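Number of protein chains: 2
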Amino acid sequence: MPLDPRDALRLALAPRSIAVIGASDNANKIGGRPLAYLARFGYQGTVYPINPTRPEVQGLRCFPSLQSLPNVPDVVIVAVAGDMAVAAVDECGEAGVALCIVMSSGFGETDPDGKAREQAMAARARARGMRIVGPNSQGLANFGNGAVASFSTMFTEVAPADGPVGIISQSGAMSVIPYGLLRARGIGVRHSHATGNDCDVTVCELATVVAEDPGLKLLLLYLEGIPDPWNLAEAARVARARNLPIVALKSGRSAAGQEAAQSHTGALANEDRTVDAFLADHGIWRVQNMVEMVDATQLYLKGWKPRGRRLVAISNSGAVCVLTADAASAANMPLEPLSAATQTELRTILPGFATTTNPVDITAALLSNSRLFGGILPPIARDPAADAFMIGIAVAGAGYDVEAFANDTASFAAETGKPIVVAAPQLSVSDRFKALDLPVYPTEGEAVRALGQFLSHAELQQAATVRNAPVPSKPRVAGPSVMLDEVASLALLAEHGVSVVKHSLCTSQVDAVAAFQALGDQPVVVKGCTSDASHKSELGLVRVGLNSADAVAAAYNQMNDAARTAGVTLSGVIVAEMVKGRRELMIGARLDPVFGPVVLVGDGGKYVEAMPDAQVLLPPFDAAHVESALRRLRIAPLLDGVRGEPPLDVAAFCESVVAVGRLMSDDAAGITQLDINPVIVGARGEGCVAVDAVIFREVAL
Amino acid sequence: MPLDPRDALRLALAPRSIAVIGASDNANKIGGRPLAYLARFGYQGTVYPINPTRPEVQGLRCFPSLQSLPNVPDVVIVAVAGDMAVAAVDECGEAGVALCIVMSSGFGETDPDGKAREQAMAARARARGMRIVGPNSQGLANFGNGAVASFSTMFTEVAPADGPVGIISQSGAMSVIPYGLLRARGIGVRHSHATGNDCDVTVCELATVVAEDPGLKLLLLYLEGIPDPWNLAEAARVARARNLPIVALKSGRSAAGQEAAQSHTGALANEDRTVDAFLADHGIWRVQNMVEMVDATQLYLKGWKPRGRRLVAISNSGAVCVLTADAASAANMPLEPLSAATQTELRTILPGFATTTNPVDITAALLSNSRLFGGILPPIARDPAADAFMIGIAVAGAGYDVEAFANDTASFAAETGKPIVVAAPQLSVSDRFKALDLPVYPTEGEAVRALGQFLSHAELQQAATVRNAPVPSKPRVAGPSVMLDEVASLALLAEHGVSVVKHSLCTSQVDAVAAFQALGDQPVVVKGCTSDASHKSELGLVRVGLNSADAVAAAYNQMNDAARTAGVTLSGVIVAEMVKGRRELMIGARLDPVFGPVVLVGDGGKYVEAMPDAQVLLPPFDAAHVESALRRLRIAPLLDGVRGEPPLDVAAFCESVVAVGRLMSDDAAGITQLDINPVIVGARGEGCVAVDAVIFREVAL
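If you read the protein sequences in the order shown, they are chains A and B. Take the position in the first sequence, starting the count at 1, then add 84; the result is the number in this note's numbering. Take the position in the second sequence, starting the count at 1, then add 84; the result is the number in this note's numbering.
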């Protein structure tokens with residue numbers, strides 16, 4: 085009976101036996117490297133080289149075929165080319181192999197034919213209950229048990245050491261570049277997996293299983309696309325359950341990057357900010373580049389539980405203190421003054437011209453008295469002003485007791501149990517701190533940035549907005565759709581709980597005047613109602629502030645004239661209440677090709693495209709999520725009222741946004757796009773109303 | 085006869101003789117290190133140790149006193165403490181020494197007494213025509229001639245090599261940290277000067293002389309304050325005349341940083357964006373941290389003359405291509421496709437699944453054929469799509485011909501003469517490229533960022549807005565000033581060429597109605613005119629859209645009532661034309677404590693404080709400067725008109741801003757602060773008018 089699909093992945097990380105089809109004696113060939121690595125890195129399971137032309141490969145008995153093996157191997161590496169690879173995979177499926185790692189290239193990465201071939205191969209494997217990693221995969225490497233089924237050159241160049249970091253990537257290069265950078269810092273890496281073309285097992289699905297490894301303290305992902313957000317959400321859930329942080333480098337932020345990703349891995353282009361929102365919703369920290377991906381690793385491995393962001397900085401250079409303060413401000417880490425008692429104590433130790441507030445500037449006096457450093461640490465350790473520390477040893481060497489600085493810092497770190505980073509540009513200094521396993525960076529800027537990431541990620545992992553609900557495994561895709569006119573759009577919104585402006589659709593002058601009077605002879609807005617155009621004001625289809633029956637009657641005719649001129653058909657003329665509010669906001673919604681329904685909230689009005697100020701929300705979400713998104717807008721200060729204005733009715737607006745989120749999540753409603761602009765928001769207690777809306781809805785085919 | 089003050093600085097960089105008062109045999113003491121360094125680093129001039137207690141110091145004849153020397157030395161290092169230091173400096177002044185480097189501490193950095201002592205000492209030296217570097221200076225180090233009059237520990241720890249980089253800093257640490265980081269990359273540094281308390285010679289003044297060194301290709305400055313912007317402007321002028329780029333790390337960007345800088349070097353706090361504007365105006369590139377300060381150095385030293393920002397990227401990893409595209413987009417470097425001819429040629433060389441547009445993805449096929457790399461470079465070199473290149477060798481080693489990659493890249497770089505950066509995370513790979521003097525970074529992100537900085541700085545150096553005019557050496561400081569009321573403010577603006585709204589100051593209801601009628605019975609604005617409050621609408625002192633004599637009469641009374649309620653005195657009631665325009669902008673002006681007059685332009689209206697969108701201009705400036713500032717605003721898209729709107733009358737607005745710049749530069753006018761908000765700007769050709777203004781003017785004492 086075939087294994088549960090996830091169990092097959094678990095087995096692939098710790099197989100009892102591995103066969104290599106296309107086994108080679110040459111350790112620099114694809115079929116040779118895995119055999120060499122399995123031997124070199126201490127794999128304890130059984131290894132079966134398969135090659136009909138040789139009796140022995142790399143000192144192991146070689147078998148002519150899969151059938152000739154004494155047992156069915158758990159994992160088979162396929163390292164033969166082209167059609168032979170397909171045949172080998174099919175054979176494995178028939179034999180009951182749990183998982184094939186297909187290193188052979190020439191599939192989906194080559195051309196549409198190759199894509200079709202790998203899809204068919206995957207379908208056959210699926211039918212037989214076998215999983216496939218690849219094709220075009222560099223392989224899986226688990227240094228925890230020596231199961232290094234990979235041909236990466238990196239493991240020849242940089243010696244491995246088992247450790248608490250896991251790396252998963254489609255790209256071979258990105259599975260090992262972080263490995264190399266971390267190993268160069270002396271950090272051990274257990275997992276380094278490259279999934280290749282992802283015809284079956286994806287990066288995200290593999291992550292759901294790797295995240296279970298109790299030895300891991302950090303999981304790094306390199307992604308160009310997220311074809312299966314549900315698996316990433318599941319990996320995040322597994323990781324969160326054991327406080328395992330996930331850091332993701334999702335490339336293709338820019339249009340140029342998305343284009344390159346499209347030719348590299350066929351990643352589907354989508355709006356990058358939806359990726360930001362999705363990752364944040366699942367507590368995954370998104371980094372922008374490889375430096376950010378690896379630079380905070382030392383901090384993640386410490387097991388610190390940060391309680392806040394307040395930084396205390398200490399240096400023997402006033403300039404390092406100033407630069408640290410700048411970097412801390414940029415990273416939103418306040419420097420609060422040390423307590424009066426601490427300062428008094430520091431003044432008994434430091435010379436009069438030293439600074440004892442925070443940052444603490446020991447000054448160059450450290451050159452004549454190396455014990456100043458160790459002297460000031462105990463009182464600072466006792467001070468409540470610090471959630472984290474930065475120690476900058478600007479320059480030291482001859483004349484300084486650098487060993488004592490490092491030892492004192494290590495004791496201080498152990499005593500406080502709080503996050504600490506060290507900046508030391510000289511190798512002779514930083515090496516002493518590294519030897520004591522303290523996180524050292526060349527400059528204060530790098531140290532503070534890494535610390536800021538670590539603290540922010542810890543906050544994100546604890547955030548109330550992090551999701552626990554599973555993500556649907558098939559996001560709705562936009563089918564052919566039609567635009568509803570304004571009246572139909574408003575009606576749909578009203579039906580789903582969005583409060584809309586009082587209005588009537590009029591098909592005669594008499595109707596229009598009656599509608600004006602029914603609204604209480606107050607100023608009204610008159611608009612042409614059409615499903616032919618979404619931007620009406622450019623076409624002369626909007627008149628505002630009409631306050632007489634004559635004006636409304638005249639406007640009725642103007643609308644029809646303007647529609648003729650513009651060549652659009654009107655379903656009638658809208659007479660609507662002229663709503664006075666305090667601010668025009670907007671609510672939008674789209675179907676993202678990767679994540680499905682996406683809701684936008686932001687500043688509204690005429691310039692939403694020219695000067696966008698919007699935030700993304702992925703349904704399902706509640707009012708608290710919406711408010712947290714609103715607080716990230718540029719216009720956030722206006723929510724509470726400025727210059728004597730009352731606060732806006734944020735609660736009412738949030739309710740409308742939640743209603744739109746529900747509507748978009750309702751597949752049956754078939755909404756593919758929605759723009760409510762403006763939503764006029766009144767002062768707190770006055771509510772909000774949608775005064776214009778354009779909705780696209782799927783047509784039944 | 086004393087030297088010209090600048091000649092004394094020139095001499096200090098290449099002195100014929102150096103004496104050390106407080107000479108010590110111990111090379112780890114302040115009075116010992118300079119002697120050891122002068123000997124070790126090959127200083128060819130005469131060295132005079134001075135110490136009355138010893139006949140010989142560090143193998144040199146030691147003299148009991150300054151008077152006992154056979155000649156008056158050009159430079160004297162003062163390394164004795166406290167009062168002895170002051171006495172020694174005075175003695176040097178009397179003896180006709182050109183310049184004293186005062187290493188002794190306990191002056192301005194300690195307390196106000198110390199500050200007074202160093203100022204008095206500087207005044208006496210000035211009277212005698214002697215210059216002082218320091219006190220509290222780590223010293224001057226010129227590795228071009230061995231004149232290393234410094235006690236920095238760094239020069240013991242990291243061996244120097246003369247080279248094309250100069251570093252100047254008040255802080256000792258920041259004069260040598262970049263030295264250390266650059267030396268670790270094999271880059272030679274000629275100048276490493278730390279000026280200490282700057283009681284006489286400042287960083288900026290020293291820069292005017294260092295910038296003259298024809299051996300320099302890059303000048304790095306660390307600044308916490310810019311007490312003498314005129315010297316920095318002069319240094320920039322000198323540097324620009326010989327295409328010497330200046331990169332400045334000016335710390336104190338944040339409030340916390342400014343506070344720390346205040347206790348470290350007594351730097352005057354000011355608005356950080358004025359620093360941005362000043363440095364940009366003088367072609368100086370401002371970096372944010374030490375990494376940015378040193379990371380592009382290799383590029384500056386190449387002598388490249390970049391012609392644009394279009395990047396062509398090449399890698400053996402598709403993921404590196406994607407990340408490079410993202411980084412290039414962030415750095416505003418477009419990736420244009422290679423020409424069809426080049427692509428055809430590349431397709432004859434690369435496998436079918438490689439990407440030949442741009443980025444060029446060689447793919448892992450490079451492992452089986454190392455010659456692919458060298459093969460594709462010549463056609464790419466001939467392609468016109470590139471202004472600069474990024475080469476990413478993601479992973480290499482066993483099985484790859486890394487030496488050939490490096491050699492081919494070096495030939496390619498020489499052939500194209502265009503800027504190129506290499507990213508290689510493995511040391512074994514990057515070392516090969518470094519050996520050929522190619523600029524190598526661990527990751528594509530760092531490589532592209534450094535390249536972007538280099539290209540942007542080259543553009544800035546050529547920018548039309550870079551200043552050539554000298555900067556006045558005493559910026560006007562704000563004295564006691566009074567607020568003018570709106571009518572007086574508008575009158576002053578009108579007098580100086582700013583067009584203002586039609587308005588009358590009325591002191592009776594009859595006047596007010598007459599004013600309304602004189603404006604043609606059009607809707608008007610009625611406002612209370614007062615110099616007691618600047619925000620009038622909160623006090624009920626503004627009524628808009630009044631379109632009848634009765635309404636104006638009633639508003640007249642309301643203004644007086646509201647003024648009584650608010651407790652402000654009215655000089656009358658303003659009846660002003662109700663101006664219709666297309667956008668409300670603002671013009672502000674201040675006296676910056678460092679740079680003097682500063683003009684702000686930006687979006688106007690009620691929310692200028694809550695949602696600021698403004699840019700800084702330092703007078704003198706012309707309309708082109710103003711327009712370039714406007715183009716950096718968030719609202720820039722509106723200037724040209726969006727959604728069918730006509731473009732704004734930018735020219736008219738720029739003219740008003742230039743008028744404000746002139747007014748602020750006119751010391752006699754005595755304006756200390758000015759806020760014109762809103763300036764209502766019409767469509768092109770319709771002009772703009774200031775409709776409200778608050779001006780503060782100095783009072784004659």
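Bear in mind the hints are in silico, worked out from the structure with no lab data behind them. As the structure is a computational prediction, the values presented were derived from the model and not from experiment. Careful: at least some of the hints might be erroneous.
Repeated chains share a single entry, so a pair holds when one copy, or any two copies, can fit it.
Distance condition first, Cα-Cα at most 20 Å in a straight line; then the derived SDA-like pairs of lysine to any residue [unchecked claim]:
hint: 1; residue 1: K518; residue 2: A179
hint: 2; residue 1: K389; residue 2: A179
hint: 3; residue 1: K386; residue 2: P435
hint: 4; residue 1: K502; residue 2: D471
hint: 5; residue 1: K199; residue 2: E296
hint: 6; residue 1: K301; residue 2: S423
hint: 7; residue 1: K199; residue 2: F437
hint: 8; residue 1: K113; residue 2: P435
hint: 9; residue 1: K518; residue 2: P248
hint: 10; residue 1: K518; residue 2: G436
hint: 11; residue 1: K690; residue 2: R666
hint: 12; residue 1: K518; residue 2: A268
hint: 13; residue 1: K199; residue 2: A353
hint: 14; residue 1: K502; residue 2: G771
hint: 15; residue 1: K664; residue 2: P730
hint: 16; residue 1: K518; residue 2: P435
hint: 17; residue 1: K502; residue 2: G769
hint: 18; residue 1: K518; residue 2: P607
hint: 19; residue 1: K199; residue 2: G436
hint: 20; residue 1: K664; residue 2: L723
hint: 21; residue 1: K389; residue 2: N315
hint: 22; residue 1: K586; residue 2: D515
hint: 23; residue 1: K199; residue 2: A482
hint: 24; residue 1: K558; residue 2: Q372
hint: 25; residue 1: K301; residue 2: I271
hint: 26; residue 1: K664; residue 2: K690
hint: 27; residue 1: K389; residue 2: V783
hint: 28; residue 1: K586; residue 2: G350
Status of the hints after comparison with the structure:
{"no.": "1", "hint": "K518 x A179", "in the structure": "neither (51 Å within a copy, 52 Å between copies)"}
{"no.": "2", "hint": "K389 x A179", "in the structure": "neither (49 Å within a copy, 64 Å between copies)"}
{"no.": "3", "hint": "K386 x P435", "in the structure": "neither (34 Å within a copy, 46 Å between copies)"}
{"no.": "4", "hint": "K502 x D471", "in the structure": "within (6 Å within a copy, 48 Å between copies)"}
{"no.": "5", "hint": "K199 x E296", "in the structure": "neither (31 Å within a copy, 63 Å between copies)"}
{"no.": "6", "hint": "K301 x S423", "in the structure": "neither (35 Å within a copy, 48 Å between copies)"}
{"no.": "7", "hint": "K199 x F437", "in the structure": "between (71 Å within a copy, 12 Å between copies)"}
{"no.": "8", "hint": "K113 x P435", "in the structure": "between (65 Å within a copy, 18 Å between copies)"}
{"no.": "9", "hint": "K518 x P248", "in the structure": "within (17 Å within a copy, 33 Å between copies)"}
{"no.": "10", "hint": "K518 x G436", "in the structure": "neither (32 Å within a copy, 47 Å between copies)"}
{"no.": "11", "hint": "K690 x R666", "in the structure": "both (16 Å within a copy, 13 Å between copies)"}
{"no.": "12", "hint": "K518 x A268", "in the structure": "both (12 Å within a copy, 18 Å between copies)"}
{"no.": "13", "hint": "K199 x A353", "in the structure": "within (18 Å within a copy, 62 Å between copies)"}
{"no.": "14", "hint": "K502 x G771", "in the structure": "neither (46 Å within a copy, 61 Å between copies)"}
{"no.": "15", "hint": "K664 x P730", "in the structure": "within (14 Å within a copy, 27 Å between copies)"}
{"no.": "16", "hint": "K518 x P435", "in the structure": "neither (29 Å within a copy, 45 Å between copies)"}
{"no.": "17", "hint": "K502 x G769", "in the structure": "neither (45 Å within a copy, 63 Å between copies)"}
{"no.": "18", "hint": "K518 x P607", "in the structure": "neither (73 Å within a copy, 74 Å between copies)"}
{"no.": "19", "hint": "K199 x G436", "in the structure": "between (73 Å within a copy, 14 Å between copies)"}
{"no.": "20", "hint": "K664 x L723", "in the structure": "within (16 Å within a copy, 28 Å between copies)"}
{"no.": "21", "hint": "K389 x N315", "in the structure": "neither (28 Å within a copy, 49 Å between copies)"}
{"no.": "22", "hint": "K586 x D515", "in the structure": "neither (72 Å within a copy, 72 Å between copies)"}
{"no.": "23", "hint": "K199 x A482", "in the structure": "neither (63 Å within a copy, 31 Å between copies)"}
{"no.": "24", "hint": "K558 x Q372", "in the structure": "neither (28 Å within a copy, 45 Å between copies)"}
{"no.": "25", "hint": "K301 x I271", "in the structure": "within (12 Å within a copy, 39 Å between copies)"}
{"no.": "26", "hint": "K664 x K690", "in the structure": "both (16 Å within a copy, 18 Å between copies)"}
{"no.": "27", "hint": "K389 x V783", "in the structure": "neither (52 Å within a copy, 58 Å between copies)"}
{"no.": "28", "hint": "K586 x G350", "in the structure": "neither (48 Å within a copy, 63 Å between copies)"}
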